[in-house]
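These protein sequence lines are chains G and Y, in that order. Read in UniProt numbering, the first sequence has 293 at position 293, and its numbers run on one by one without any break. Read in UniProt numbering, the second sequence has 184 at position 184, and its numbers run on one by one without any break.
In case anyone wonders, no lab produced these hints; they're calculated from the structure. Each hint should be verified, as a subset may be incorrect.
Computed footprint of chain G on chain Y; a stretch qualifies when at least three of its residues, placed anywhere within it, have a C-beta under 8 Å from a C-beta of chain G [claimed, not checked]:
#, region
1, 81-90
2, 161-169
3, 241-249
4, 285-299
5, 303-311
From the three backbone atoms N, C-alpha and C, an ideal C-beta is built for every residue, glycine too.
Protein chains: 2
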Amino acid sequence: MTPTCAPATTIQSRFVDEFGGGGSADGVPRAGVGGGGDAERLARVGLGRVIEPGDLAALKVFEGVGVVEMWERLRRQEVGTERWVTRMAKVEPERDLERAAAVGARFVIPGDDEWPEQVEVLAEAGQLSRRAGVPFGLWVRGPAHLRQVLEQSVAIVGARACSSYGSHVAGELAAGLSGKGYAVVSGGAYGIDAAAHRGALSIGGVTVAVLACGVDKSYPRSNSALFSRIVEQGLVVSELSPGCSPSKLRFLARNRLIAAASQGTLIVEAAVRSGALNSAGWAEQCGRPVMAVPGPITSRMSEGSHLLIRERDAVLVTDVPEIIEAVSPLGTGLTSYRHSPKTPFDELSHELRRTLDAVPVQTPAPTHRIATTAGLDLPTTQDALEALTALNLVHQSATGWCLTRQPG
Amino acid sequence: MTPTCAPATTIQSRFVDEFGGGGSADGVPRAGVGGGGDAERLARVGLGRVIEPGDLAALKVFEGVGVVEMWERLRRQEVGTERWVTRMAKVEPERDLERAAAVGARFVIPGDDEWPEQVEVLAEAGQLSRRAGVPFGLWVRGPAHLRQVLEQSVAIVGARACSSYGSHVAGELAAGLSGKGYAVVSGGAYGIDAAAHRGALSIGGVTVAVLACGVDKSYPRSNSALFSRIVEQGLVVSELSPGCSPSKLRFLARNRLIAAASQGTLIVEAAVRSGALNSAGWAEQCGRPVMAVPGPITSRMSEGSHLLIRERDAVLVTDVPEIIEAVSPLGTGLTSYRHSPKTPFDELSHELRRTLDAVPVQTPAPTHRIATTAGLDLPTTQDALEALTALNLVHQSATGWCLTRQPG
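Bound-form chain G, shown alone (with noise of 0.2 Å):
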């Protein structure tokens, strides 16, 4: 796909909310007052708007040193690379705040209320990839809290040229865990993200949709409609400032964050390289459980999960109870053993079941033979093939006794 390329603005001016509809500022809960006051969350604001999601630099630079020391040392030009400087010139997190609520967003730092603590895990996952690092803030809209809501969340994503079985099954497992009480979080991209989203909408649960662009743009533009629906119900989220457009770097620091904030991270289909392989490496780092959903051998899509489950040790899982088994802490939430339906050979006695399984096939037999067979005497056996008949298991003809149904 080629999008068009539309007039390029300043990253300031791009505050025209790109949703379809919804998402007022009306009944949306508002930054709390219990992190940092208001020069470490302008501080964060800044901060987000200068350096890049996972910036290496910039975790190097400020190892050990708090963010509104960062912010200043960064606003007296003490450090800083070229890039830091330049975005520097164009900073207001004043404006970007009044900016953001005007489209009903609101930015959430540590030490508030909805502060997810878990993606604070980025802090040591750092250490192994060079775009980790813990977001300096989350923008956030929508009428959900979104540490509740992360609390008990699995992430659902894929590839976006997914197939119809994909699609699919990415829909009934969001929805069956949003009965379930989990939050279904994603990507908002096509496919797979999409259906997980939209499953979850389906029945009224919440779903939360982490972007690598602006919380106020919609990416992909066809999303809008989806967007708009996630922001009435659920969530939008997003480390980046409003007005940001996505990049590939972006996309890649958003699946970190994805992984991060949820207990679980389930890939649906994927192809072999793909932003859903990167997103369950994340949640390798993260110490979350990867699941994926298994396909066909036959299809492209299911290569990447079945890759995943083979050589990296990812779960598979097949339904709802056993996604809840694997992000649920070990001993807990366990699923039962799955066996089919029971059926009339499970409650049979010891007698019945020697009895049964030395009864031919296809040729009949006499009593004295299955009586031989089973290792029974012969009143034993006529009783039990008495019983199992009635059972309709055995079947006698002139010639003796066979089997009803055909074993194998």
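We have chain G already, so just place chain Y on it with the hints.
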């Protein structure tokens, strides 16, 4: 299915060859001369006729006793349950051998060149399950050399009531394994078994049908044309004497033989309760790899495969190289890590890649903005953008650069 009950006959009278055609005695390997002489061969024929496969009582009574001695004790009625005594009255090993030869069948015993020693693993597996035990000998029909064929062989088994997906996959994998010189072992049942046999036959490969009845019997009947093709091109094998009919006990015993005879067992499709899962259990007990083909989670027929992968450490396999890797000794037969076809992205230099990652997806950005995001100087960025344009990865409009393809 309710089989019609044909008139009963005694075990000795059933030497009518039920196969649709083929299977003449011409050009068929003869029983080797290495195997313990006539006395042992006749003893083994007789024991196979009297003692059911995996008869635990026999295993106990005759522990540490040679087969010739076992046979003598039975003949002298020094030992024996009622069931053995009843059968002893009718056993004529010489006539069994003659009648088998008349339909082109031979009896292979330990010491014969064709004897597949790996089935002796069942002597140990017997400690774990009451239906184990090494066959006294194997009735074999067909031109192939049993031992040589089984040395490189994979069992492919599964549901009788399989889906078209399962049947397709079983056939394709069987054909692929045949093409790599592997014999395909299965049980001759409807569904997955038949598809596996046919897949091997379709490319002129060797396939081995291990039956739960005599090698002159065709069960299921409607597979008789398939069996006669297998007898021409591969092998039909059974530990049951000619004329024996299948029973559930014999199906279960047959499964142990398939598992022990092959290098590994692949389950293509299976319901949660099925003979295929019994086969997998036997393969585990015999120390052979268990493999399973995933499928749609919406298909009941894949539930058994998924259960094996989730709960019993079966190896998820999706193609022939992965199967060969699983059945090969550790560190050999490795398949290459699966990647999708190389893309232009793979070949990019560090600068090109950094630049590309910084180009917006949708809204064009001018060169200096991209340089800022990428952390590169302007001339380097300009050069990189031109190189990326030549590769058709980025696209320049009046207002700046954006990606040609949308990542996600």
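Outcome of the hint check:
1. 81-90: holds (count 5)
2. 161-169: holds (count 3)
3. 241-249: holds (count 5)
4. 285-299: Contact hint for the region 285-299 of chain Y vs chain G: holds, 6 residues under 8 Å.
5. 303-311: holds (count 6)
Consistency note: the structure conflicts with none of the earlier hints.
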